[in-house]
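A.B. asks: Each chain, written out:
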Amino acid sequence: MNYKPVEYWAKLPHPMFFKEATSVAVDSDDNVYVFNRGDNPLIIFDKDGNFLETWGKGEFDRPHGIEIDADDNLYLVDDLAHIVQKRTKEGKILFQIGTKGQPADWQKGKPFNRPTDVAVHSKTGDLFISDGYGNSRIHRYDSDGNWILSWGEPGSLPSQFSLPHNIAMFGDDALVVCDRENFRLQFFTLEGQFISFQHMHRPIAVTEGVEEKQIIVAEAGAPPVQEGVPGLGLRVEIIGKDGTRICRFGKGTRGEEHDQFIAPHGIVVDSHGSIYIAEVSYTAFGSMQDPPREVASLRKWETMK
Amino acid sequence: MVDIVESNTKFAPVDRWAKLPMGITFRGDATSVATDSKDNVYVFNRGNEPIAVFDSDGNFLRGMGHGEFVRPHGIEIDKDDNIYVVDDDGHFVQKRDNDGSVLFTIGNKNKPCKWQSGGIFNRPTDIAIHPETGELFVSDGYGNSRVHKFDRDGNHILSWGVPGSDPGEFSLPHNITMIGLDRIAVCDRENFRLQIFDLDGKFLKQIHLHHPMSITQGKLGDDRLYVGEMIPPPVQQGVPNLGAKVSILTPEGDMLQQIGDKLPGEGLWQFTSPHGISTDSEGSIYVAEVAWTNYFSRPANSGLDSTPLGEVVSLRKWEKVT
Numbered sequence: 001m002n003y004k005p006v007e008y009w010a011k012l013p014h015p016m017f018f019k020e021a022t023s024v025a026v027d028s029d030d031n032v033y034v035f036n037r038g039d040n041p042l043i044i045f046d047k048d049g050n051f052l053e054t055w056g057k058g059e060f061d062r063p064h065g066i067e068i069d070a071d072d073n074l075y076l077v078d079d080l081a082h083i084v085q086k087r088t089k090e091g092k093i094l095f096q097i098g099t100k101g102q103p104a105d106w107q108k109g110k111p112f113n114r115p116t117d118v119a120v121h122s123k124t125g126d127l128f129i130s131d132g133y134g135n136s137r138i139h140r141y142d143s144d145g146n147w148i149l150s151w152g153e154p155g156s157l158p159s160q161f162s163l164p165h166n167i168a169m170f171g172d173d174a175l176v177v178c179d180r181e182n183f184r185l186q187f188f189t190l191e192g193q194f195i196s197f198q199h200m201h202r203p204i205a206v207t208e209g210v211e212e213k214q215i216i217v218a219e220a221g222a223p224p225v226q227e228g229v230p231g232l233g234l235r236v237e238i239i240g241k242d243g244t245r246i247c248r249f250g251k252g253t254r255g256e257e258h259d260q261f262i263a264p265h266g267i268v269v270d271s272h273g274s275i276y277i278a279e280v281s282y283t284a285f286g287s288m289q290d291p292p293r294e295v296a297s298l299r300k301w302e303t304m305k
Numbered sequence: 001m002v003d004i005v006e007s008n009t010k011f012a013p014v015d016r017w018a019k020l021p022m023g024i025t026f027r028g029d030a031t032s033v034a035t036d037s038k039d040n041v042y043v044f045n046r047g048n049e050p051i052a053v054f055d056s057d058g059n060f061l062r063g064m065g066h067g068e069f070v071r072p073h074g075i076e077i078d079k080d081d082n083i084y085v086v087d088d089d090g091h092f093v094q095k096r097d098n099d100g101s102v103l104f105t106i107g108n109k110n111k112p113c114k115w116q117s118g119g120i121f122n123r124p125t126d127i128a129i130h131p132e133t134g135e136l137f138v139s140d141g142y143g144n145s146r147v148h149k150f151d152r153d154g155n156h157i158l159s160w161g162v163p164g165s166d167p168g169e170f171s172l173p174h175n176i177t178m179i180g181l182d183r184i185a186v187c188d189r190e191n192f193r194l195q196i197f198d199l200d201g202k203f204l205k206q207i208h209l210h211h212p213m214s215i216t217q218g219k220l221g222d223d224r225l226y227v228g229e230m231i232p233p234p235v236q237q238g239v240p241n242l243g244a245k246v247s248i249l250t251p252e253g254d255m256l257q258q259i260g261d262k263l264p265g266e267g268l269w270q271f272t273s274p275h276g277i278s279t280d281s282e283g284s285i286y287v288a289e290v291a292w293t294n295y296f297s298r299p300a301n302s303g304l305d306s307t308p309l310g311e312v313v314s315l316r317k318w319e320k321v322t
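Protein sequence lines correspond, in order, to chains P and S. Residue numbers are given in my numbering: position 143 of the first sequence equals residue 143, and the series is strictly consecutive. Residue numbers are given in my numbering: position 186 of the second sequence equals residue 186, and the series is strictly consecutive.
No wet-lab data here; the hints were simulated from the structure. A virtual CB, placed ideally from N, CA and C, is assigned to each residue, including glycine. Any given hint might turn out to be false.
[Unchecked claim] Restraint-style ranges between C-beta atoms, simulated for each label pair:
#1 S:I4 with P:S271: 11 to 21 angstroms
#2 P:E302 with S:W115: 31 to 41 angstroms
#3 P:G125 with S:G238: 29 to 39 angstroms
#4 P:E302 with S:R27: 49 to 59 angstroms
#5 P:S271 with S:G119: 47 to 57 angstroms
#6 S:D182 with P:S287: 42 to 52 angstroms
#7 S:D305 with P:D39: 50 to 60 angstroms
#8 P:Q107 with S:T322: 54 to 64 angstroms
#9 S:G238 with P:P15: 50 to 60 angstroms
[Stated by the list, open to error] In silico DMTMM-like cross-links for lysine to aspartate or glutamate, where the CA-CA straight-line distance does not exceed 25 angstroms:
#10 S:K19 with S:D57
#11 P:K213 with S:D198
#12 S:K79 with S:E282
#13 S:K205 with P:D105
#14 S:K262 with P:D27
#15 P:K4 with S:D166
#16 P:K251 with S:E169
#17 P:K57 with P:D105
#18 P:K108 with S:D57
#19 S:K205 with S:D166
#20 S:K114 with S:D151
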């Protein structure tokens, strides 16, 4: 399997901008929902990158994660507001977990302190939330947003986390968590029992692949001490259910070229196997330019014919 | 024969072990440590006596190498008590006799090879010595992603590794040790793992750990691996149980126990930056820390709002307790 970048995919109506795209999801029609940090936090495109709709202006403190369920409802994770919302795809709020602007105590395990992402069980609708920058937990809720259980604590041993940054279903009976600053994926049962871990380079985003128990993982770049060294993250890997790599793409160096990444942060695949990658490129790169500028933060890669 | 460490073996820190004559300091960075056949302790540091030697009770014996190093980084001692030092910013490795006289130098002082080219050297970090053949294995380093093998006279035999995160690739190979007579363990620091190779550089396996920065195997039949784990990146500063510990593993890589507190710090039971590690014939553990460079001088790492004025603790001894 081989992938190639789709150049200049998203067509933004002037003067709409992302500042940076944090995360991305697709609905049952393969429309693409980009949760971003510009003035229009939710921007929707068709699969050809034509603009469809926007909403959510002024409603979020800091967009971080997005997911869409089997009925095309949206789940939005706002890390600095410390909330997760379920909305219709038109943007109407169905329920909210957490209290806006009210974090739980730092690293104490109660929901939430800067949550990062959500996974939705395709049959039961149960929610699994990774939490996050100020916590080291996974929380499970039922489909109405009622808390069921939580697990995890700070640390580097199995079932401990150092910044759980993304979460995805792994089939119907398991979950995969990007344990970002521990450089590994961790796999759990739906009850939070540790199954296994897999070493990765700073995994920052994960989504289910098109086949059962296939996952697609984006790797973040190296820390400053290794800046500029090639082959350290800044790539996307498709991993089969036995844990072996099916393919990997991206040049593996930071940059603005079509085959490079700057700061992968969110990932999703559509029904055709095309992969969308959202990047926090402004935070990682654009904000440090003189003058600061918006740089590419949404990429689409498709399979080569 | 040393008593073998198990998961229930107890260690405790030795308070104020090293006794430094007034005027000699480590300048906050005791980068690495090695012990000789008499259990004397050699601390390769960034102060005014770069190779500072103590007896096992911490009495200062002598200092060597004044003005001879650019930036001390790694030290090792062979079975004949020769000293091997690795100077990262000087880009060289030296073998010295026990009195400090240079026997040979590998690399050209202040002349690095091209960055990430795989040549010899670009900011090398550490050295391991084969106990029988005397062959040398050098991890290289901050500006390279290689392990180089030399014969006992310093002649180059082979090199392996490229930048990356797959098996056999490195992201800052920071420390290296022999395991027994037939394997090499490398702290692949920014890949959060140990990599195990045979003596020809064939990848055997990887062992996931938190930010491993230093490693040694025990002496005199003590087959345990002692691994110093670095603190997490600034984004996780203050979060407990992330590095700043010494993990003790079986030679196969199974975790037996960790020593150190939940958080980094200057306290007796804590570590800030376990950058070099060694053990002696009693099974005591010496840990050298780049405490100033990696912790106290960096508020993003330490969470401190000011930097300390004087010397900071950068050398620890832990011993077994019954």
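A.B. asks: Checking against the hints above, which ones are violated?
C.D. replies: Numbers 1, 7, 8, 9, 11, 13, 14, 17, 18, in rising order.
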